[in-house]
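Chain W: place on chain Y using the hints.
Residue-level listing of the chains:
There are 2 protein chains.
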Amino acid sequence: MKDFFYPETVAVVGVSSSPTNLARAIVYHLIEFRYTGKIYLVGPKGGSFMDHPIYPTISHISDQIDLAAILTPASTLPEIMEMCGQKDIKRVVIESAGFSELGDDKKGLEQQLVTIAGKYGIRFIGPNCIGVINKENGLATPFMPFRNTFDLGPLSIISQSGGVGGALLNELANENLGFNKFASIGNKLDTDENDLLEFLLNDRGTETVFLYLEGIADGRRLMETAFRSSKPILAHKSNTSEASTRIARSHTGSLSASEEVVNAAFRQCSIHRVTDMNSTLTAIKAHALPPMRGNRLAVISRSGGHAVVAADAAAKYGFVLQPFPGDFLKMVESRLRAGVIRLGNPMDLGDLFDFDLFHEIVSNTLARDDIDGMLVVLNYNGIFFEEDSRSLVGKIKEVCLQGKKPVALCVVTTGEEWRLNRCNHPNFPMFTEPEEAAYALSISRDYCQRIVSSFKEAETFVVDKKQPLAILAEAGSRQAQQLTTAKSFEILETYSVPLAPWGQARNSEEAVKRAAAFGLPVAMKVMGEEFIHKSDVGGVLLNLSNEDEVKAGYHRLAAIIQTTASRPKEEAILVQKMVTEGYEVFVGAKQDPVFGPVILTGLGGVYVEIFGDVARRVAPVSAEEAGRMFGEIRGSQLLKGVRGQPPGDLEALVHIVQRVSQLACDLPQIQELDLNPIMVLPKGRGCLVVDCRMVIS
Amino acid sequence: MKDFFYPETVAVVGVSSSPTNLARAIVYHLIEFRYTGKIYLVGPKGGSFMDHPIYPTISHISDQIDLAAILTPASTLPEIMEMCGQKDIKRVVIESAGFSELGDDKKGLEQQLVTIAGKYGIRFIGPNCIGVINKENGLATPFMPFRNTFDLGPLSIISQSGGVGGALLNELANENLGFNKFASIGNKLDTDENDLLEFLLNDRGTETVFLYLEGIADGRRLMETAFRSSKPILAHKSNTSEASTRIARSHTGSLSASEEVVNAAFRQCSIHRVTDMNSTLTAIKAHALPPMRGNRLAVISRSGGHAVVAADAAAKYGFVLQPFPGDFLKMVESRLRAGVIRLGNPMDLGDLFDFDLFHEIVSNTLARDDIDGMLVVLNYNGIFFEEDSRSLVGKIKEVCLQGKKPVALCVVTTGEEWRLNRCNHPNFPMFTEPEEAAYALSISRDYCQRIVSSFKEAETFVVDKKQPLAILAEAGSRQAQQLTTAKSFEILETYSVPLAPWGQARNSEEAVKRAAAFGLPVAMKVMGEEFIHKSDVGGVLLNLSNEDEVKAGYHRLAAIIQTTASRPKEEAILVQKMVTEGYEVFVGAKQDPVFGPVILTGLGGVYVEIFGDVARRVAPVSAEEAGRMFGEIRGSQLLKGVRGQPPGDLEALVHIVQRVSQLACDLPQIQELDLNPIMVLPKGRGCLVVDCRMVIS
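Chains Y and W are the protein sequences, given in the same order. Residue 698 is where the first sequence ends in our numbering, and the numbering goes up by one at each step. Residue 698 is where the second sequence ends in our numbering, and the numbering goes up by one at each step.
If you're looking for bench data, these hints aren't it; they were derived computationally from the structure. Don't take every hint at face value.
Identical copies look the same in the list; a pair holds intra-copy or inter-copy alike.
[What the hints assert, rightly or not] Computed cross-link-like contacts, EDC-like style, restricted to lysine to aspartate or glutamate with a CA-CA straight-line distance of at most 20 Å:
1. K331 with D352
2. K120 with E199
3. K317 with E260
4. K88 with D4
5. K107 with D352
6. K591 with D614
7. K46 with E80
8. K684 with E625
9. K398 with D357
10. K552 with E9
Treat the numbers as computed from the prediction; the structure is a model and nothing was measured.
Next comes chain Y alone, as it looks inside the complex:
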């Protein structure tokens, strides 16, 4: 990937002398951004632009070309790519649109490009993108117009949309926050976000990576990369609704993924998800400060109202406002002019016009061992004390950078003064209000306190997969939609998942015998592949408590089975010991098209249906991670035992989650699997799975 950003020669293909020719903007940028390498222009009509001759084809250039940036009609791409290959160009940025984003009929054209690239060993970015920028060497290939008002900074950007990526660059310029590398990746036909992310995480100039994605190329690879990262990764994954998908598909050909799974996956591998430009900028600012390593915050404000608002925000984001030492407060008090304000944390210094003292207070406070970071509000209106205030901004920056702890500085002032301060201190983030500042500090704190449990940490159990694979192969060969309950149970048993004692009965005598063996009461259920919700057809009988009820139950269920047309018909009936105590929980799994096996758990019934109180993880999960899932479920407080009830056996439940996690990874043929209900018995007594459904297509 490095070669995309550090070419020594660039050919811009598609340039003409027409004033509406877009490729000219690429040339303009290379010059505007002071590209340190050599530039060649290519266009069939020849001529020249900005003192550079336009070669009719790439082949006419005698120099070696490290990178070609192409903006010509889509249909011309195969021929141009061929020429690139023949000229031994190994990196190409295809900015042309008109590919699969228009519809599946363009897939053939895309396939042609992939084939040609493969033949010549070309790696390319695009099509349908605005190209790359490297602030280090001035490489800048967008056709979207930019002035080079950008600072060099530690942030690098991967954007599936040129428009959104470009808008971010403008916002960064407004904040005088710089960037290092930028890549717009469009249809991601060859190079995708994972390729670039891996590179950037090893790139010396990059300290934070931001991704704008409308689709995710390979969710598991993204997670694996993020697990290994020592740099913060921020991502705006858009395309979250049906209407979005319609337009995203026509824009970059991206399909939508399950929102809940994206959220779970990102949390799991510590990718911070942002949802719009505002939250993007705040997260970028968060990581532009030294890290917030703990939760203890000091708030100092030059306006009482902002001190109140800052305290609200500090509480909202869970910070602890440490008290100031008494002698320190006394010192400050003695130097205030009228003593009309009471001091504490937050500290309202509205009456303080001694800017050296303000500096001293900030500096002493940040140096304290019991303070992890500060939120400082500096109000001034640029008429009185404007020089003092501006200079204080610089001093606070120094305190922050030297102290290696964050000071989130809100400069509350006029637009003009704000821009002046921004300009004076590039790459030092400033905030406009306490809410944003506290949010940024919380992002940094949460990143510092992140717990990453990668797939590798998941324990694996020895399982003989022969029987499960045989069951699935047999059902698959018949295009069955789901497995019978008995087959599902057999697979679970292979994975050592504890089941409520069960057996099959093919006549009423056998049913009675089984029931007697388990001890009454029992439950009886139909088991066939055709029953999606057994209880909907009356196929579940509970609490059968004597021989007659069992017999009658058998006949009732047998009659139901007789009315179905399914082949092969499952004639046997499930007889199961009735589990009458414990908390009802479910554990499920499904195969996500983007992230692969995903595991879910929650309390059963209304908690899921009404409150959506479910925890999700991309599998496999470690025991520790499974335990954290229950920490996330609000209803799991019940499992700890409330109102005098005994606590449930959470350890056994975690064990089930781990087993199911491995099962979902081992057997992706199972599209969905739902263990529901699982009865969680009191601590030390385990859990019992009562019912299960496995969908295989």
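Structure of chain W alone, referenced to chain Y:
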């Protein structure tokens, strides 16, 4: 209140020739804002400032003074107020700090001011504020420095904090959104937000009111005022945490109110609550556009990525993206230059460089009957097509204003171009990103679709309060903490709240007789004032199903009662018919220090404890409003009957809420009241209150 904003003469008190004298800023502002009246300066040292003589006292001025703005040490205020009174000045703005915000020992000083004001019929704003501004006549008394870069607009502002209010003015200036009137109210010793709000809602120049409040002076009056308002009211109620209260108290002497009650009250009377500067600005912009009267949105973007992001935002805020008519799409398609983009809603016009066509598309779309508003994203970077783009901004504004429907226009561009566009179109709001634009449109839509059910609409029932008042008076005379269950039940019966059949037993024979009369099984409970949670002491026995159990139960409870030291001791035991079916619900009420009687309801048990699934209203509520409470509770889906269960009698439950609502209003002596559980029987069969607790101090 009008006289605060339209004085013909103003005296500024506290001016001196010292360069750090803050009152000089007031004089500066009156001149900077081109105040149309006459200005007089007062200060004991005399001299002059900005060509105005400084009079030693107010009495030295011969002209009549309509308004005095005072910024002198707190201790001087009583004397100055006396002089104001003697000079027949009826309106005073006290900007001095050093009053109750410093502590309760300053309450005396404040009381002095109130007394003097009362004596002379003076109304005053403050103390501890930055004064008032009226953009109409240039009245501007802040001591905080401002340049008059503000446009005249339809927004008026009431701010408890000068700093936060001032910051908002700066933000408005950055957005070229104007304001009409501004009042900073500080300690609200005389004039409070209600006085000013009532005035502004009748003020011709004001179309929207924003309030920043750290405390609420009189919650019910605020609500009554808001109920009557035909203008949108926005409020940032800060001071939401314990640390905030600490600083707010020392800043403006405000106490914190219950957050949930504030939220409920504001929703009830359609005050839109904002939480920070960002959401404040978005709400102000929302109401600066024509109203969004429905939910049907068209999205047009010049960047595909922003079209995706806009569709995400539209879905998030619940808008419907109407399809464009087919012939219209064909027309647009025929005029696009390369046809590389598919059209729909959102419409991606990234390839369109015909700005007249863009204008035509926006104009035709907004005119459609099936479109209630538009979200338009205009990307340009200020190098190519900058003139066309700037002119398009103006044209879209015209389309919006003439069409009387909102077009939320996102101008995605460089900071420089953004400021230029803002400057060209004062008072027309622009947005920086689709998220903000969609949020603003949703605020406008929600305001248009608001349902306001004022206190007056609550039905009142004829109740003879004699017995309840006697019960409360008797218990109050003994400083009892709560009522016995029997007394609580008697009060509920007076209010026609249906109870599970109950009676009292003073011996086991009586208990058996009662039980037989109700029919077994029964419940038995202790009833004394001393039992806070009866079941914690074993004072609740359920499901007693025969005579022996009832007898034994009586003796068990009687023994518990004997061990308590309470006087007077309630010896009688409650015998109650056991209600074994129905959904468990609770209805409660409490007296809020700011809003008075508040009513709460929710499903019992874990739904409240774990999910906080509770609906609240300030009482009294109408039947309709009570019905909406259940619409808000997520768990109330259960009441509608899920999984084959019968729906509950919601009508009867609403009836209980209404009765309790009236009870809470009639009997504020009852601090807290909790009907829990109420069993909601199947539809048509009513509800039965099973237990109740009334706390009276």
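Going through the hints against the structure:
1. K331 with D352: Close inside one copy (15 Å), not across copies (66 Å); limit 20 Å.
2. K120 with E199: neither (24 Å within a copy, 77 Å between copies)
3. K317 with E260: Between copies, since 12 Å is at most 20 Å while 25 Å is not.
4. K88 with D4: Classified as within; 16 Å inside a copy, 83 Å across copies.
5. K107 with D352: Answer is between; shortest inter-copy Cα gap is 18 Å, intra-copy 68 Å.
6. K591 with D614: Close inside one copy (17 Å), not across copies (30 Å); limit 20 Å.
7. K46 with E80: Answer is within; shortest intra-copy Cα gap is 17 Å, inter-copy 89 Å.
8. K684 with E625: Within. Shortest intra-copy distance 18 Å satisfies the 20 Å Cα cut-off; inter-copy 47 Å does not.
9. K398 with D357: within (14 Å within a copy, 48 Å between copies)
10. K552 with E9: Intra 85 Å, inter 99 Å, cutoff 20 Å: neither.
Checked against the numbered hints given earlier, the structure breaks hints 2, 10 and satisfies all the rest.
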